[in-house]
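Hey, can you work out the whole structure from these sequences and the hints?
The primary structure of each chain is shown beneath.
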Amino acid sequence: MGFILFLALFADLLSPFAYDRVYFDRVLLMPFEHPEHPLGTDEVGRDYLSRLIYGARTSMMVSLSVQMIALMIGLPIGALAGYFGGAFDFVISRIIDIMTAFPALLFTILIISVLGGGMPTIIVALSITSWIVIARITRAQILTLREQEYCTAARGIGASEWRILFRHLLPNAMSPILIAVSFGIPTVIFAEAGLSFLGLGVNDPIASWGKMVGASNAYVRVYWHLALLPTLAIALTMLGFSFLGDGLRDALDPKQKIRV
Amino acid sequence: MGEALLEVENLHVHFPTPDGVVQAVNGISYSLGKKEILAIVGESGSGKSVGVLSLLRLIPARDCKVQGSVNFEGQNLLKLSDPEMRELRGNRIAMVFQDPMTSLNPVLRIGDQIQESVIEHQGISEKIAKSRAIELLELVGIPEAGKRYRHYPHQFSGGMRQRIMIAAGLACEPSILIADEPTTALDVTIQAQIIDLVKKLRREIGMSVIWITHDLGIVAGLADRVAVMYAGKIVEFAPVDQLFKTPQHPYSRGLLNSLPRLDARSEKPLEAIEGLPPNLINYPASCPFLERCSYQTEQCQIPPEMRSITTTHEVCCHHTEKL
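For the record, the sequence lines run as chains A and B. Just so we're aligned: the first sequence equals residues 1 to 260 in the numbering used here. Just so we're aligned: the second sequence equals residues 1001 to 1323 in the numbering used here.
Note that these hints are calculated values from the structure, not bench results. Where a beta carbon is used, it is the ideal one built from N, C-alpha and C, also for glycine. It is possible that some hints are incorrect.
[As the list claims (entries may be wrong)] Simulated restraints, written as ranges between beta carbons of each label pair: (1) Arg-94(A) - Glu-1138(B): 51 to 57 Å; (2) Glu-1138(B) - Pro-76(A): 35 to 41 Å; (3) Leu-14(A) - Glu-1144(B): 50 to 56 Å; (4) Ser-1125(B) - Thr-144(A): 31 to 37 Å; (5) Glu-161(A) - Ser-1125(B): 22 to 28 Å.
Spelled out as structure tokens, the structure:
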């Protein structure tokens, strides 16, 4: 996981070639066929290793910014809905219900087809579906926490409602929210890969694992590495983030303080 | 005792529920003098906690209906605006809650929780607030206050947490400290320490205390006056020695008879009060204690009013002469 982040951050330094550098004389090389391209080249002669490394950057950029935006929208909305209740909570809850019932992939495809492709659009489209999860979890957390005795105690010493919500309740709610965010990251990576595979993702020539898998399907019978390598990259990254989520959950859950 | 600091008149707290209205508190009146310790005793569900929570309006208004008046320094607390009320809470009237395990926020350092009310109400700098918090920790007998200040609630025992909560309650030197069964969760040695602490604080900073408990032993050692509550009403109100010597209401007698006595020679078993308190949804039209009372007569079908027996002793029963 850290490795993927490292790749994403230092893609410029690590890659042997630029992701869009085209060698028309080296099209569709198998791995190790040419000493300069350890993982071969793709159908237009771009170094596959470099594209995989830049693909990490795309995945990280999309998934981290989507989860940041989701957190910034979902957290306050969920917290306010849970704490104050009433009409605002009703409206937010119904929006959450509707969005949950709607297939997220379909919804993002719809948004992308309206707004057009490209990285910013993908981030916007995925954020619109991702904040729901954060808002729902935050709301549920605040709903249980606001009945805690220390909440009444804080009110009893004269703390204002805002102070109670942001200083007393939200810090207590943070661990499930952080876990949701870390589980949300692989979901977004997968969604981005799926969209790119369908040709709705980032624009050429930016490298994206999903797009690499998609582009390879005409050649996959012979040039198997074109599909296998980005798929492996997606799988390993998702696994890494899932482990991170598990690890966070174990570390943050007070009931699991005693390790077996 | 002097003049009254807090006067509660005819306080009603009703909770509308789908099954009917729960009449948790039904017209209680009492006054609290300066530097006085008033104990409110009664069994579970008699309305003790609800009665004081509603003084500070800590029960969400959407959940209950509160009637009556609560006069504190010439203001009716039930009529104040929310910001005015917030100004009083913690500052002039502080509350200490029952359960030390759940009433402190687990993710905040205890120092921050103690100084919160000072910062909120007096607008002083963090630095002064910190030294004040450490002072308070020393006052309530937490050793190494300067170091412990930085610790989290889970690093303290139950008794220490209770003392931390008392420290938080005292932070602004309130005129009134309301303590809702603050020693129930503690063992007796810690109880004794906390009672001594409260008495000392009353002497030193001159605050009044409303102490809610169902432990008559604590009442005897701590309170000046006692209000006995039953089914949302005060059934007997007396100075502590009078209540223990000459209890007038059958319920108070029952409570005292159910206590073990060190000076009793006989081997007779402790007496229990038979039966259960009335359902607060279908509040009886008669005296609420009727069904459990061994002195009942025809007259008890009419609910009795509070009557003064002596200048300081009030009872809510028709049959005080016979007792």
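Okay, the hints, checked on the actual structure:
1. Roughly 53 Å separates the CB atoms of Arg-94(A) and Glu-1138(B), a value that falls within the hinted 51 to 57 Å.
2. At roughly 40 Å, the beta carbons of Glu-1138(B) and Pro-76(A) sit within the given window of 35 to 41 Å.
3. Checked against the given bound of 50 to 56 Å, the beta carbons of Leu-14(A) and Glu-1144(B), roughly 52 Å apart, stay inside it.
4. Between Ser-1125(B) and Thr-144(A) the C-beta distance comes to about 35 Å, which sits within the given range of 31 to 37 Å.
5. At about 24 Å, the beta-carbon gap between Glu-161(A) and Ser-1125(B) stays in the expected band of 22 to 28 Å.
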